[in-house]
Amino acid sequence: NAGVTQTPKFRILKIGQSMTLQCTQDMNHNYMYWYRQDPGMGLKLIYYSVGAGITDKGEVPNGYNVSRSTTEDFPLRLELAAPSQTSVYFCASREGSGGSWTQYFGPGTRLTVL
Amino acid sequence: DAKTTQPTSMDCAEGRAANLPCNHSTISGNEYVYWYRQIHSQGPQYIIHGLKNNETNEMASLIITEDRKSSTLILPHATLRDTAVYYCIVRGSNTGNQFYFGTGTSLTVIP
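Respectively, the protein sequence lines represent chains Z and U.
Letter 29 of the first sequence, counting from 1, is numbered 29 in this note's numbering, and no numbers are missing.
Letter 71 of the second sequence, counting from 1, is numbered 1071 in this note's numbering, and no numbers are missing.
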């Protein structure tokens, strides 16, 4: 059981380039999340999904897109990279229902936009 | 979701209990208290959660005051590997799907 995996671990982009951050979970969780974490700050929610085919915006969605075609995968797309998107990106999936909000996080992708 | 207030940083001697406080004075009846931690450069890790009663698991204990306006996370015998940022989060079971992390408490365990 690998949990939540993310690729790549590190990436450097030039301004205006695009890329997709991959996230996969093998726990059959319906809920998946993308967060970003800037240096010295807490996590901010970018997008989330409550199941295959259903996504919604979080706090900071501008400049990003997501899709959820399967339960396992939740890729995050950056279309026109900007220096402000330099950050560490974490994917998470959630188990449980009702009051249980235990989230399992991936190891993160460290992105630098120059 | 109720706002939480945590100290910015704390130190604890290795082997001693680490007590991390969290104020959530606007918490409502159906909101749970969650604790996560983030060891440097890693993804956050779930520790424990509770509603009213005190909770204990293999990692920590959670003490919630009777009025539920504050809570304390207790690491009974802190080790160097417990050095991390600890986040206290309060959310309801039916208040949407977002989960707000603040800036947390940076705990340093000192040898």
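Because the hints were derived from the structure by calculation, they are not lab data.
Mixed in with the good hints there might be a few duds.
DSSO-like mimics (lysine-lysine), calculated; alpha carbons at most 30 Å apart, straight line [claimed, not checked]:
hint, chain 1, residue 1, chain 2, residue 2
1, Z, LYS14, U, LYS1069
2, Z, LYS14, Z, LYS44
3, Z, LYS9, Z, LYS44
4, Z, LYS9, U, LYS1069
5, U, LYS1003, Z, LYS44
Hint by hint, here is what the structure shows:
Restraint check for LYS14/Z and LYS1069/U: the C-alpha separation of about 47 Å exceeds 30 Å, so the hint is violated. Taken as a hint, the LYS14/Z and LYS44/Z pair is honoured in the structure, with Cα atoms around 23 Å apart against an allowance of 30 Å. Between LYS9/Z and LYS44/Z the alpha-carbon distance is near 19 Å, which keeps this suggested pair within the 30 Å criterion. Distance restraint check for LYS9/Z and LYS1069/U: the Cα-Cα separation of roughly 40 Å exceeds the 30 Å cut-off, and the hinted pair is therefore not satisfied.
For the suggested pair LYS1003/U and LYS44/Z, the alpha carbons sit about 15 Å apart, so the restraint of at most 30 Å is met.
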